[in-house]
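Asker: Residue strings, one per chain:
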Amino acid sequence: MSILVDRNTKIITQGITGKSGLFHSQQCRAYAQQHRPGEDVMVGGVTPGKGGTEVDGFPVFNSVIEAAEKTGANCSLIFVPPPFCADAIMEAADAGMRLIVAITEGVPVLDMAKVKRFLQDYPETRLIGPNCPGIITPEVAKIGIMPGYIHQPGTVGLISKSGTLTYEAAWQLGQIGLGQSTAVGIGGDPINGTDFIDLLEMFQNDPGTESILMIGEIGGDAEVQAAEYIRDNVTKPVAAFIAGQTAPPGKRMGHAGAIISGGSGTAEEKMSALRAVGVEVSESPADMAAAVQRAIANAK
Amino acid sequence: MKIHEYQAKKLFSEAGVAIPNGIVVKDPADAAKAFAELGTPVVVVKSQIHAGGRGKGRFKEHPEQAGVVLVKSPEDAVANAERMLGSTLVTIQTGDEGKQVNTLYIEQGLDIAKELYLAIIVDREVGKPMIIASTEGGMAIEEVAHEHPEKIVKEHFDPGIGLQPYQVRKLSNALGFNAVTQKSASVFLPRMCEFFVKNDCSMAEINPLIITGDGQLLALDAKVTFDDNALFRHKNFDELRDSSEEEPAETRAQAAGLSYVKLDGEIGCLVNGAGLAMSTMDIIKLHGGEPANFLDVGGGANVDQVTEAFRIILDDKNVKAILVNIFGGIMQCDTIVEALLVAYDNIGITVPLVVRLEGTNVDKAREMLKASGKQIITANNLSDAAQKVVATLA
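Residue numbers (my numbering), protein chains in the order written: chain A, 1 to 300; chain B, 1 to 394.
For reference, chain A alone in the conformation it holds in the complex:
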């Protein structure tokens, strides 16, 4: 079992004629073909103005609604540049996409405020990202830019704000024989489509998930709110790591959302909030998988 992505997910790429849009669509298709030969998972793409053409075997459409009608797609993977990303997300929602994964980095914060408001009219649509590596349900579907092979199938639900740190965690888990039910990158922007709490709920309810690893970072208080949610709602073992223990206040650390402002949003306050509700917090980024093991052992 898994969350968000299953064997019925059919994916199109918005921005498929761009360099990274095409490259990653090819990678996602190769992953699907390797694990589900003969099934059509990556079904096409959208680039306004280039409809009717084809790129490396992917049919290209002018609009998401047209792509959905012709291919039966229910999920969109977005690579369009930042100035057009909000529009692309809203178009995908309006065309009935159930799952939208926005990889694009650099979307203006107020654009995302508008998108968030817009999506309230589409309660069936879930947005992941922007500024994220995407989602993978190992050996079922990869919708994003992560290297597929480091994610082994298994029972750990993985939620992360960061890309390469997710890879690091998946790799560490693989070293000790723990795979993932689904791994989700929620992105490092101040306003995103899906936060820790939404995914904690999904993983709690997913029979295929037995434990959860959440990877947060400095900035905002999503991890503190997640801690409260875990206290009241999550019975599965949870481990966590928070990046940025050494980050100075007032400085943006790469991600638009990774900033300690007015003394709040520090790693320390997040770690202690998580510890206080019984989450196994890893002090060291080298210790994330071991923390999951400890969380599982503690629960027994």
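Because the hints were derived from the structure by calculation, they are not lab data.
Careful: at least some of the hints might be erroneous.
[Claimed, not checked] Dumping the calculated DMTMM-like pairs for lysine to aspartate or glutamate here, alpha-carbon to alpha-carbon at most 25 Å:
#1 B:K285 to A:E268
#2 A:K251 to B:E143
#3 B:K285 to A:E283
#4 B:K317 to B:D345
#5 B:K388 to A:D6
[Stated by the list, open to error] Chain A regions said to be covered by chain B (calculated; three or more residues, Cβ under 8 Å):
#6 101–113
#7 254–260
Beta carbons: idealized from backbone N, C-alpha and C, even for Gly.
Since the structure of chain A is provided, determine the placement of chain B on it from the hints.
Answerer: Leaving out everything else, chain B in the frame of chain A:
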């Protein structure tokens, strides 16, 4: 992106947000003229640097001189300006090295009945802009939040709809405005919200916001930060950039498509990905070292970028060793090592270099490192890498 008070006030004024009369002065002699032009018995001379705490700040060269002063004569204005311009102001936010003051903003004296606090930020959790206001003007809002949380009022507004009249009434009530001030607020507050949205601000703070003797709201201070992600639609902000306020290495990194933040330690870091870059700093500290920087080379690092990254790290004279931590995903480890070896030769790295690689094509990449015959220390995992790089300093 941050701008100066005088620049923010000019933008306020263009947006119809009330500000005091003020004049920009870059030459001490002009201070006398400004005093005469403003025409009030008292004027305020304010240092223009991006950091806060200017009023309580003092100059390195003139320990008695405050960063913001009231003056009562043109001569006094000039004397103060002479001490301030070109000198280094140290405030609670500048660090010990301080900031050189190149510009003064001289403002009219005002009849102040009350000082308030007003800010607009983006509330990440709710996903909307939010007004934060308090009757405790002049104090840092963190302090108010800590000591008198009941004195802080918050109001979200929708960026597409703007602040509505009922919200102005709600805020006016909460802040105890009389009828005259509420009328002033009904113009001031919606215009501030419009300003915030139109310019893609990530923060706009007025501390203090004042009520004048005749009940009008006026922005006595102005601190504005723009959303870097939205600068593409505000080309005119380029001319507001003050490069003397930016860390030169950070500007240089930005130009090369790198994300760099300078810190005070001795171990330089070169990492792919922001989360992993922060974690690398953390693990250095856990093993007893101090990171010299945050550096994310991004997902598509090429030879030029890796070379520039090493140059930036090595330009920091505190750096005594470097840790390279790469998790190869789509960007393969051997591609990174290729770039690394070229950069190594280009620059001539003389400090110990520890490299930790994992991910796609890692075996090939490790072979390449070994075959290169260079003085590069390899590490098996994150902990091993941190231990080895810290050990080189012993």
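Asker: So, for every hint listed, does it hold in this structure?
Answerer: Right, here's what the structure says about each hint:
1. Our distance criterion of 25 Å between C-alpha atoms is met by K285 of chain B and E268 of chain A, whose separation comes to about 14 Å.
2. At roughly 20 Å between alpha-carbon atoms, K251 of chain A and E143 of chain B fall within 25 Å of each other, so this suggested pair holds.
3. Between K285 of chain B and E283 of chain A, the direct Cα distance comes to roughly 11 Å. Compliance with the 25 Å bound is thereby established for this hinted pair.
4. Under the criterion of a C-alpha separation no larger than 25 Å, the hint pairing K317 of chain B with D345 of chain B is consistent with the structure, at around 20 Å.
5. Proposed proximity of K388 of chain B and D6 of chain A is contradicted: the alpha carbons are some 43 Å apart, above 25 Å.
6. Using a Cβ-Cβ cut-off of 8 Å, 8 residues of the segment 101–113 of chain A lie near chain B, which meets the minimum of three, so the contact claim holds.
7. Given as covered by chain B, the segment 254–260 of chain A passes the check, having 5 residues with a CB less than 8 Å from a CB of that chain where 3 are the minimum.
Checked against the numbered hints given earlier, the structure breaks only hint 5 and satisfies all the rest.
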